[in-house]
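Residue strings, one per chain:
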Amino acid sequence: MSESYVKEFESFAGATTAEGPEWLEPVRRAAMDHFARTGFPTAREEEWRFTPVSPIAQATWRSGGVGGIEDVAREQLTPFVFGHSEWCTLVFVNGEYAPALSSPGSLPEGVLVANLADALRNGNGTEILERHLTRYARIEESPFTALNTAFLRDGGLIHVPAGTDLPHPVNLVFVTTPDAAGAVIHPRNLVIVERNSRASLVESYVTLAPGARYWTNPVTEVWTGANSWVEHTRIQRESEAAFHVATTQVEVSRDSHYRSFSMAMGANLARHNLNARLGDQNSEALLYGLYITHGNQVVDNHTVLYHDHPNCHSWEVYKGILDGHSHAVFNGKVFVKPEAQKTDAKQTNRNLVLSDHAKVDTKPQLEIFADDVRCTHGATVGQLDEMALFYAQSRGLPAEEARRVLTYAFAAEVIDEVSLQPVRDELNRLVLRRLNGEA
Amino acid sequence: MLEIKDLHAGVAGKEILKGITLTVNPGEIHAIMGPNGSGKSTLAQALAGHPAFEITGGQVRFEGQDLLDMQPEERAQAGLFLAFQYPVEIAGVTNAYFLRAAYNALRKARGEEELDSMDFLDVLEQKLKVVDWEPEIMHRAVNHGFSGGEKKRNEILQLAVLEPKLAILDETDSGLDIDALRTVAQGVNQLRRPDNAFIVITHYQRLLNHIVPDYVHVLSDGRMVMSGGKDLALELEARGYEWVDAQAEALTK
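Here the protein sequences come in this chain order: A and B.
So the first sequence is numbered by this note's numbering: it starts at 39 and just counts up by one.
So the second sequence is numbered by this note's numbering: it starts at 166 and just counts up by one.
Just so you know, these hints were derived from the structure itself, not from any lab.
In this text the structure is predicted, and so the values were computed from the model without any measurement.
We put the CB at the ideal spot given by N, CA and C, even for glycine.
There may be inaccurate statements among the hints.
Stretch-level coverage of chain A by chain B, calculated; a stretch enters the list once three of its residues show a Cβ under 8 Å from a Cβ in chain B [as the list claims (entries may be wrong)]:
no.	stretch
1	147 to 159
2	443 to 450
Beyond 12 Å from chain A on every Cβ pair, some chain B residues (computed) [unchecked claim]:
no.	residue
3	L233
4	D234
5	V258
6	L264
7	L271
8	A345
9	Q355
10	Q370
11	V377
12	L397
Turn these sequences into a full structure, and let the hints guide you.
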């Protein structure tokens, strides 16, 4: 099965070598070789046990040059771009940067926000790219990362120099159109926030083709410098016939704070691997997630927290609302190295199941090799609280509305953890629309 | 307003209320006292329509309607309100959102237009004074992380906003310090009108110093064993519930 990718790679590599930097070529090739050896994962592998990727593996996907940019009008993006013209927004249509749909916003001096394809071609941010790109998301960890690395072409590049506060989030919007049907897209993002800086970004995967069957295979690498603060919101609203397999790899430096909110509502099958390494003392990672599924959707969140050093803190809350015949998978690993004393790690996964046919597989996995630590985890799968329902009804809310209010409350509790108000508002709107059956 | 006739109710096949009869008219305050396990809270929850309680006999009419035939929300829409003994915490939804949703549900049921959040704020501003609260409380999640006293105060705030015809206070005084008790009682006294009524369920006589009842009923083992004026509460306080039990025993013999 991997032969077709190898063949495709040869023509792709031929076309990009002339444009891209020299150092990248062997990286691509190594990634391709790796994928050629491993191929796609099967359900026999523990990591992929509940998430059948065979529909991806068995299909043949067009790659590269999907086009479709000129068919998209700015107004069509209104539901996805938050309506803040002061935000720097990069729009990618079917994987390709769309300058006419993007807006530069207002950025402090020295901040670089560019699309990767241009940066690789014209040498913009060369040093940053060579130092960081492909250094964190390891091809050995996932065949999907290997494939993305082999075919990486475009995506967002954000570099915030030391001592800089971004007043507004940077908004990366990946939108698909009907032209994406049958295609694979490999967005690649690199976010570097140097020491003593503060930045937020919103990374969205959305569609203008709700029934289209395509495959998005994004990889995002985030590196935070010492004493920095980074908030990363991810919104996945792909077509419900699409596949979305993503990796986010985060390196958190000394005294810095990384927080993520990962929202998944779309795709037929969605997998998000979020790996955060607390790479030095006194660093902190807060991982929040919300998945809302219906129909036959499969949504899988795999998170890994590496506690490599002492005095680090991680806090994780993932919540799910499942309806129809949907299936949610949560796997949360926490690795605590022997030297990572005084680690404080807490993980929670809570699932609200609205239908008799929905299914949840949740698995915490704590591997702790230090003795002076505080690590806890908990998982619940349940229905709406009967007492709370009665309470709401006894105040006059009809049963159906009481259910909706309580379901919304369940979601809103974790959305409240997003620190940016406009992002929070947007997430709340999305949830309400879904619960009202409008999306 | 409320007419309970020989009400029998229980949970999971176990009978808890063994024939309750009670009539409440507009303008009245009835106190229901009794030891733990006597069925006080069951009576309150059964009247509000808690699905866990099965009605095994008797009738209840409220404002001319068959109360037992109504859903909990229909009872609320007809003007019944239960202040919970253990108010439920709802993380994720603000007090303001929840209360406006309830307020609008009642308006909608009456065929009135719903209020937007700005107009509702005006309503709320007046009602917050009843419980002597600042508007900040409305931005907190419903009862979430509230102290015991705050939760009970929140129930009275809901009562003030929703303006029921009949309010049942289920051990609203339990666990309150004297200041909180006074705030809650003053709230209730302000809301008292000739056209509404209250049933105050309590374990202790203390609350009745602040909310003076017209009638006091004593419940024991699912039956009303005594009824009288407000002095009955004092006598009960002096003699203890053992005295009631003895009376009850005499009654069943």
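We went through each hint and held it up to the structure:
1. Here's how the stretch 147 to 159 of chain A fares: 0 of its residues keep a CB closer than 8 Å to some CB of chain B, so the rule of at least three is not met and the hint is violated.
2. By the rule of at least three residues with a Cβ nearer than 8 Å to a Cβ of chain B, the coverage given for the stretch 443 to 450 of chain A holds, with 7 such residues.
3. Its beta-carbon lying about 15 Å from the closest one in chain A, L233 of chain B satisfies the requirement of being farther than 12 Å from that chain.
4. Remark: the non-interface label on D234 of chain B is consistent with the geometry, its nearest Cβ contact in chain A lying 15 Å away (cut-off 12 Å).
5. A beta-carbon of chain A is positioned within 12 Å of the beta-carbon of V258 of chain B; the least distance is around 4 Å.
6. At roughly 8 Å, the least C-beta separation between L264 of chain B and chain A is not larger than 12 Å, which violates its mark as non-interface.
7. The claim that L271 of chain B lies off the interface is violated: its Cβ sits roughly 4 Å from the closest Cβ of chain A, which falls inside the 12 Å cut-off.
8. With a least beta-carbon separation of about 21 Å from chain A, A345 of chain B lies farther than 12 Å from that chain, consistent with its non-interface assignment.
9. Its beta-carbon lying about 20 Å from the closest one in chain A, Q355 of chain B satisfies the requirement of being farther than 12 Å from that chain.
10. Consistency note on Q370 of chain B: stated as away from chain A, and its beta-carbon is indeed over 12 Å from all of that chain's, at 27 Å minimum.
11. Its beta-carbon lying about 27 Å from the closest one in chain A, V377 of chain B satisfies the requirement of being farther than 12 Å from that chain.
12. The claim that L397 of chain B is not at the interface with chain A holds, since no C-beta of that chain comes within 12 Å of its own (minimum 29 Å).
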